[in-house]
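S.K.: Chain by chain, the residues run as shown.
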Amino acid sequence: MVMLQTGANVRWKRRKKIFRKEDAALYLMALPTVIFLLIFCYLPMGGLVMAFQDLNITKGIFSSPFVGLKNFEFLFSTTDAWVITRNTVCYNLVFIVVNLVISISLALMLSSLRSGRYAKTVQTVYMMPYFLSYAVVAIVVNAFLDRDDGLVNAILKLTGEVGKTNWYHQIEVWPPLLVFVNAWKGVGYQTVLYLAVISGISIDYYEAAVLDGASKFQQARYITIPHLRYIVGISLILSMSSIFRGDFGLFYNVPMNQGKIYPVTDVIDTYIYRALTYLNNVGMSTAAGLYQSVVGFVLVLIVNKIVNRIDPDSAMF
Amino acid sequence: MIMAKEAKHVNKLTLLSKGWNAVFVIILFIIVLLVLIPMVLIAVVSLSSEMSIANNGYSFFPSEWSLDGYRYLFKTGDQLADSYLVTIFYSVTGTVMSLTAMTMYAYVIAQKKFRFSRAFTWLLFFTMLFGGGLVPSYILNVRYLHINDTIWIFLLPSLVNAYYTIILRTFIRTTIPDTLFEAARIDGAGHFRIFVSIVLPLFKTGIATVGLFSLVSRWNDWFTGMLYIQNPKLIPLQTLLTKLQNTIDFLKQNAAIAGTPDGVALLRTLPDENMRMACTMMVVLPILFAYPFFQRYFVQGLTVGSIKG
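Each protein sequence line maps, in turn, to chains B and A.
Here the first sequence is numbered in my numbering, starting from 4 and rising by one per residue.
Here the second sequence is numbered in my numbering, starting from -16 and rising by one per residue.
Hints were generated in silico from the structure; no laboratory data involved.
Listed below are several chain B residues computed to face chain A (Cβ distance under 7 Å; list not exhaustive):
id, residue
1, Thr36
2, Phe43
3, Leu116
4, Val128
5, Ser136
6, Ile142
7, Ala146
8, Asp152
9, Leu154
10, Ile275
11, Ser296
Cβ coordinates follow ideal geometry from the N, Cα and C atoms, glycine included.
Just chain A, with the same shape it has in the complex (with noise of 0.2 Å):
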């Protein structure tokens, strides 16, 4: 990477003094700690036996370690199955049905002969501007097109992102030079071959950033679910989570309010707090696990996305 290559560079021409750099590094690490100790807390508590939670709270220490929660889940996970199946179908479904339309798109509006490019990009561009907000849209999608508590709710109103659109074009602008579409259009090629054949090879980076952040939306996108879905198959895996989170949070105030037996007796039959917990790893793991491999792409997006196109 030349980003690596040229901090490497400027750190040859006057190194940080010994002292200073042991300070800054003494202050990312406890930085380091904020950033992973929430995290891990999740995962010890995963961990942790009913019994030690029950005693102690959730802790780094529990008194004793466990399986159960990930067993309990896996054993009881019909609902943890559905919502993955859900979640990864419509997430990979919709990045790969939302790349078709904005990359087209994209090399739309990158054309700069074309009579309409300018009105394509506003008609886009103007929607990152003003929108009709989440009740017309609940509206439109409930009373009129009925695809709410469908699979098409996750597809349909966010096969386009106007801001990710514009990045792809701005990558289109700046990777493929004007001279290379000219001589395809003097070599005789329409611009439906231009597309397949010329842009889509070269444009392999941006497609690749752009659909990793518009799929880690999707799996982290937990508002659709909860708004529009009631079908315990169509649940996806964060709004799962939202929801065991809330019934858990609503019946244990209610329980220690009451304090009835009934209440207790309704306590025991939750889910467990570990369970709960493995529910959370098995959320993040994939994520956390592929980020660090895709994480130069993320930071091409980050730059390409503040230039201006």
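Only chain B is shown next, with the shape it has when bound in the complex (with noise of 0.2 Å):
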């Protein structure tokens, strides 16, 4: 009986504590974005049960019929999940690296000039076509090779070349004109931020370097380059948990949506998006978007365990 009692009252003064009276503000401040977070992150994931059914828009959700996993069956079956998958990992595993090279190479340039006034210029010069959406730098891009206004033409045509070229229906030019737009729009940001690190690096170092008489070179290689190691490591790793993620107004605006190009600019969210509005397959592109979360979802989980074995401080959780 004495024990009963001390149980129910030691709940009690529990279930006092988790509501206590001065925390009330902290939930009312929490509400709006918790209300967001179920209706508009966690619905959707329940929306992904579409992946095995047959959607019949009319009918709606809960009255269309299950077909297990033949939207999957569907997009396996052709060669598309393979083209679209190897597009979207290989272009980011290119982009990742050669954005890092550049970016490197541009920061440790910039941190070692003598005019520090030359240096922030065109620091801000780099990261402006961080700010253009991929609307209008797809009309960059088509300024040079359109068809019949494009100064690519225009410039073949004054070398003697007949004829004009369609670029827009070229597959091997396509490759590496996306890896150089997406640097264009990139490497600015990223040179930006190694500098930040750069110039974060303490400056007893440098000092003794220079006291040992070693040069700037050397300096470059002997403290700067190691002091960046660390940091782009751990971005690397963390990069390749969002591989199997491609950029959509890259890979859609850019190549302006041409079917004969599509075997090189396809990516696993153009090929969602016209599935779903060109074909009208709500089925398969939810599969298509499902086969896309749950990979991406390990490899953030994989990429998380290595990290936390290298530097635990760097982990996402």
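Both chains are sitting in their own frames, so use the hints and assemble them into the complex.
M.R.: Written out as structure tokens, the structure is:
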């Protein structure tokens, strides 16, 4: 009897602790975001059941028949699934390496310039394309590649080339071009990030190096680069977790959604979009989305595990 | 700025040899050109006369300069005006709404003493790891919430950005010492009071940083408009650009293939090339002019974003 009472007492006390009156304001402040997350983030996760349905838009999610793995069979029976997976992963890997090499080199050069003002101006210019949307970038690219008015064809004409090339049908130019466009837009941002890291390196190291008679290049080699190695390693590993996501704007807008070059421009995200809007195949595009989400999620878990082992402080969770 | 000062100090220790400095300056300058030239091309075409484009295509040296592109744009630009209005409206309103929801939530999950701050953090963080993807969200917005083709589509689904909220929390944790909270609590201030009169004022840089990032991403969003909007009054600027480009491209190719008089006549009715580029300039210029003034916030956002809170 006595024991029961104390048990109830403890439970009562604990409940009192859970809803402390002074925390009421905190719940209220969290409320808008919690409602948002439940409706716009967690509810759509439930919508993933559509991947296993033969969805009829008029019937809705609740009364459409289940078809098991049929949507996935449909997706993986063609070569599409392989092509979009290959494109998404390979492009992302190349983007990561290319942008990294360029931005580190630029940051090293910028940080060692004699004139600080020149470095700052240059840095401002480099970051500009980061603020352009891919809607705009597509128009810029088109100004060069347009069949009739484009600058490239005009220059080719000057050099005596006859006939106009439609660059939006030439498969071989697109892989390098997309890598270039991605670098053009993204390198500035990364350069500025690495510059910030470099400027955070303690001056003591450099002072000691100067006393020992180290040249500017030796300083870069033995002080700056080792300091960067760390953040680079971590951000490299972290970016592995998103190699299953294609940049929709880059792969849809810049190639102008031209069918002839899909083999080298189609990524998972553009495929899902087209399956939804052009083919109206809700089931299959949801299936492709689920495939992307699940593999992406697994990648994040693996990457996080690796980071945790190397450096727990940089891990995401 | 500390950054510039330290860089100078480093340079004072040992200056790069003049030869190498010149080499670097030149390499960096070549890349400046690579970045700027494409943008200059758009600007030049927007200022070229239609005749010179028809004769020579896009060129850095048009045979004839003209302001016609901009003149036509403003004369026939009802659509542009509508798009400007709607884009400005939802960019500003959306950012204010977002900041309100996100800063409050960031304050909650920054509390170390609050029992559920970990649970709330996870509720938010999990959405960064896993999501339903495009299709379920599309069905939700269109079929169940019916917010497609309304202004709400620009405001609600993008209300909270998990990544920005985590950055805001990091800002709060790193800039405001715990002891300050404690002192306020002892003085009898409630959470809401602390949030409004202590956190917000101390936290202006963080809010400015995240606010600018979210303003730019809204201004640059063309996808929402393309997916959900039919009403011409609600088409955002960036979507307008994409649509303009796609229509012209489609008609051009088909007219060229057909080669019919009808096709040729149709091509004539299209907006002129210089007008399209003028439209592009009108979309880009506000940001390109504004951003150098706000650059330090962006840099700050970058560095804080890379710190784990």
